[in-house]
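We have chain R; now place chain P onto it with these hints.
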Amino acid sequence: MTRKKKKISFEDEMSNLEEIVELLENGEMELEESINKYIEGMELYKNCSKTLQESRKKIEILLNVDESGNEITEGIQEELY
Amino acid sequence: MIHKSKNYSETDTKVLTVSELTKKITRLFSSEPDFQDISIRGEVSNIKKHTSGHIYLTLKDRKSRINGVMFRGNAVFLKKIPGNGDEIIARGRISVYEPYGNYQFYIEEIKQSGIGDLYEKFEELKSELKEKGYFDEELKKPIPSFPKRVGIVTSLTGAALQDILNIAQRRFSNIPVLIVNSRVQGKEAAQEIAEAINKLNKIKNIDVIIAGRGGGSFEDLFPFNEKIVADAIFNSSIPVVSAVGHETDFSISDMVSDLRAPTPSAAAEIVFPEKEILIDKLESLKNDLTRIFKYNFEVYENILSSSSPWFTTNRFVNSLQLKEEHLDRLSFNLVRSFKHLSELKEQKLLNLSPKKNGKYLEHKINNLERELSNLRICLNKAIIECLSKKDNVLKLIGKSLELLDHKNTLKRGFSIVRKKGSDYPVRSINDIVNKENINIELFDGNIDAEISAIKGVKDD
Chain R
1 MTRKKKKISF
11 EDEMSNLEEI
21 VELLENGEME
31 LEESINKYIE
41 GMELYKNCSK
51 TLQESRKKIE
61 ILLNVDESGN
71 EITEGIQEEL
81 Y
Chain P
82 MIHKSKNYSE
92 TDTKVLTVSE
102 LTKKITRLFS
112 SEPDFQDISI
122 RGEVSNIKKH
132 TSGHIYLTLK
142 DRKSRINGVM
152 FRGNAVFLKK
162 IPGNGDEIIA
172 RGRISVYEPY
182 GNYQFYIEEI
192 KQSGIGDLYE
202 KFEELKSELK
212 EKGYFDEELK
222 KPIPSFPKRV
232 GIVTSLTGAA
242 LQDILNIAQR
252 RFSNIPVLIV
262 NSRVQGKEAA
272 QEIAEAINKL
282 NKIKNIDVII
292 AGRGGGSFED
302 LFPFNEKIVA
312 DAIFNSSIPV
322 VSAVGHETDF
332 SISDMVSDLR
342 APTPSAAAEI
352 VFPEKEILID
362 KLESLKNDLT
372 RIFKYNFEVY
382 ENILSSSSPW
392 FTTNRFVNSL
402 QLKEEHLDRL
412 SFNLVRSFKH
422 LSELKEQKLL
432 NLSPKKNGKY
442 LEHKINNLER
452 ELSNLRICLN
462 KAIIECLSKK
472 DNVLKLIGKS
482 LELLDHKNTL
492 KRGFSIVRKK
502 GSDYPVRSIN
512 DIVNKENINI
522 ELFDGNIDAE
532 ISAIKGVKDD
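Sequences listed follow chains R and P, in order. With the numbering used here, the residue at position 16 of the first sequence is 16, and numbering never jumps. With the numbering used here, the residue at position 297 of the second sequence is 378, and numbering never jumps.
Check before you lean on any hint, since a few could be wrong.
[Stated by the list, open to error] Distance condition first, Cα-Cα at most 20 Å in a straight line; then the derived PhoX-like pairs of lysine-lysine:
#1 P:K202 with P:K308
#2 P:K141 with P:K129
#3 P:K229 with R:K58
#4 P:K104 with P:K130
#5 P:K129 with P:K160
#6 P:K536 with P:K516
#7 P:K356 with P:K229
#8 P:K308 with P:K268
#9 P:K229 with P:K308
#10 P:K229 with P:K285
#11 P:K362 with R:K50
#12 P:K130 with P:K144
#13 P:K308 with P:K207
#14 P:K285 with R:K58
#15 P:K202 with P:K192
#16 R:K57 with P:K229
#17 P:K367 with P:K492
#18 P:K285 with P:K202
#19 P:K356 with R:K57
#20 P:K129 with P:K161
#21 P:K192 with P:K130
#22 R:K57 with P:K285
#23 P:K356 with R:K58
#24 P:K207 with P:K221
#25 P:K285 with P:K222
#26 P:K222 with P:K211
#27 R:K46 with P:K129
#28 P:K356 with R:K50
#29 P:K129 with P:K192
#30 P:K283 with P:K222
#31 P:K160 with P:K192
#32 P:K221 with P:K160
#33 R:K46 with P:K229
#34 P:K362 with R:K46
#35 R:K46 with P:K367
#36 P:K160 with P:K130
#37 P:K229 with R:K50
#38 P:K367 with R:K50
#39 P:K213 with P:K308
For the record, the hints were derived by calculation from the structure and aren't laboratory data. The structure displayed is predicted, hence computed values, not measured ones.
Okay, chain R solo, but in the shape it has when bound (with noise of 0.2 Å):
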């Protein structure tokens, strides 16, 4: 992969949310650390329901790409949807 990380993924934060069930399954923890898991773990899992729930529709047509990366998209047509 020669794609650098950039923000966290769903699929990361998905993990990281199985990971800290497991944790506080198996792990015998100190109160506090728990709370700090749990409180973790729900925001994770908002962050997740939010990227599900986000309204990202969105269809274009991308007509060129300039050197540094940019793209120069239009969008499409309804009917073709």
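What follows is chain P alone, placed relative to chain R:
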């Protein structure tokens, strides 16, 4: 001689006429389903167009040949009559020409002329790329389960795009799509497909590319068998799902790509996740999280509310106790010293005994008093710290109580098992023994039960 064998002919074996045999053979041919609609590739020879409009030819390869006929009714649709030496794919049925007792190929459609070269080219490129490792499984990139943005390389006017967008709409309309228009058949197509894939690779937020087209003839699909397209897919840092033609079409693109989808619709089903399934998974993770946390939290709550020595096992509290002991001892010393001093003072008053001793004791008392007050401060600080820690824990518990709704979890079909009379949930089969009485808490009540068997989860 012939007369002598009369009994042989009529009784032992049935004798057929030639036509009867030929009929039998014809029936045999027509009972073979594969012969009723079959495509045959071969080289044309002896082609003749009869004045009746029928075309007669022989199809051959290096080892065999078959006679073929294309009746006028089908032949009129031919754009071009193939020439001797042309490679064609002809579709039709195999049957028997009874007057001659020949089996032959009744051609209904001639698919392509000159296609033989393409097949050769395909096979050559396939083995070349295989050699170079273009198809290696370990080089295949995983397809993201939830792409942020999907790139599509296909023709804007093709059916494939419609299919993909329809499915995207149905399964997960939220995911943005970027289409790169490209011809998908004809001479320019391969170049355009490759360029489109390269272009998408310059854009930063594309997670996966679908490249493909709908069904067509082998020649139509050929751009997806060109090296330039194979290179573009192979060099793409974005995973590529190839979706070329129908289920039965296998292209070079399919083999180089990170994942082959049998059709464009299937590609869309792979790439666009089903929103409902993701939501379900997420919700169940959240419920697990809450349930487990609630359990952990209850354990703490029990510890806090019972007389369990949580605070005394704390190392900090141990040190506090040591200090207290020290303080006790010092207080005792202090009191004793006071007593001593006052005794001395009494003595002094009585008999004006040595000043020296009194000074010394006074000094000692002052020291002890200072130490005592220091210790008091320490102790107070420690107690405050300890209390605020406890307070903190209580606050956290209060907070988690707000976060939790344990009854809701029960409503979803979970239940809590406790030993009878115990507040602690049974966590493991090791916590209970057979015949033990348990209590099961459900959302709307409790069940008392007795264990009749305990089984562990098998490891295999």
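Each hint, compared with the structure:
no. : hint               : result
1   : P:K202 with P:K308 : 10 Å, holds
2   : P:K141 with P:K129 : 15 Å, holds
3   : P:K229 with R:K58  : 11 Å, holds
4   : P:K104 with P:K130 : 28 Å, violated
5   : P:K129 with P:K160 : 16 Å, holds
6   : P:K536 with P:K516 : 13 Å, holds
7   : P:K356 with P:K229 : 13 Å, holds
8   : P:K308 with P:K268 : 13 Å, holds
9   : P:K229 with P:K308 : 29 Å, violated
10  : P:K229 with P:K285 : 11 Å, holds
11  : P:K362 with R:K50  : 14 Å, holds
12  : P:K130 with P:K144 : 25 Å, violated
13  : P:K308 with P:K207 : 9 Å, holds
14  : P:K285 with R:K58  : 17 Å, holds
15  : P:K202 with P:K192 : 18 Å, holds
16  : R:K57 with P:K229  : 11 Å, holds
17  : P:K367 with P:K492 : 15 Å, holds
18  : P:K285 with P:K202 : 35 Å, violated
19  : P:K356 with R:K57  : 13 Å, holds
20  : P:K129 with P:K161 : 14 Å, holds
21  : P:K192 with P:K130 : 18 Å, holds
22  : R:K57 with P:K285  : 18 Å, holds
23  : P:K356 with R:K58  : 16 Å, holds
24  : P:K207 with P:K221 : 17 Å, holds
25  : P:K285 with P:K222 : 17 Å, holds
26  : P:K222 with P:K211 : 17 Å, holds
27  : R:K46 with P:K129  : 75 Å, violated
28  : P:K356 with R:K50  : 12 Å, holds
29  : P:K129 with P:K192 : 18 Å, holds
30  : P:K283 with P:K222 : 18 Å, holds
31  : P:K160 with P:K192 : 10 Å, holds
32  : P:K221 with P:K160 : 43 Å, violated
33  : R:K46 with P:K229  : 17 Å, holds
34  : P:K362 with R:K46  : 13 Å, holds
35  : R:K46 with P:K367  : 9 Å, holds
36  : P:K160 with P:K130 : 14 Å, holds
37  : P:K229 with R:K50  : 13 Å, holds
38  : P:K367 with R:K50  : 14 Å, holds
39  : P:K213 with P:K308 : 12 Å, holds
Consistency note: the structure conflicts with the earlier hints numbered 4, 9, 12, 18, 27 and 32.
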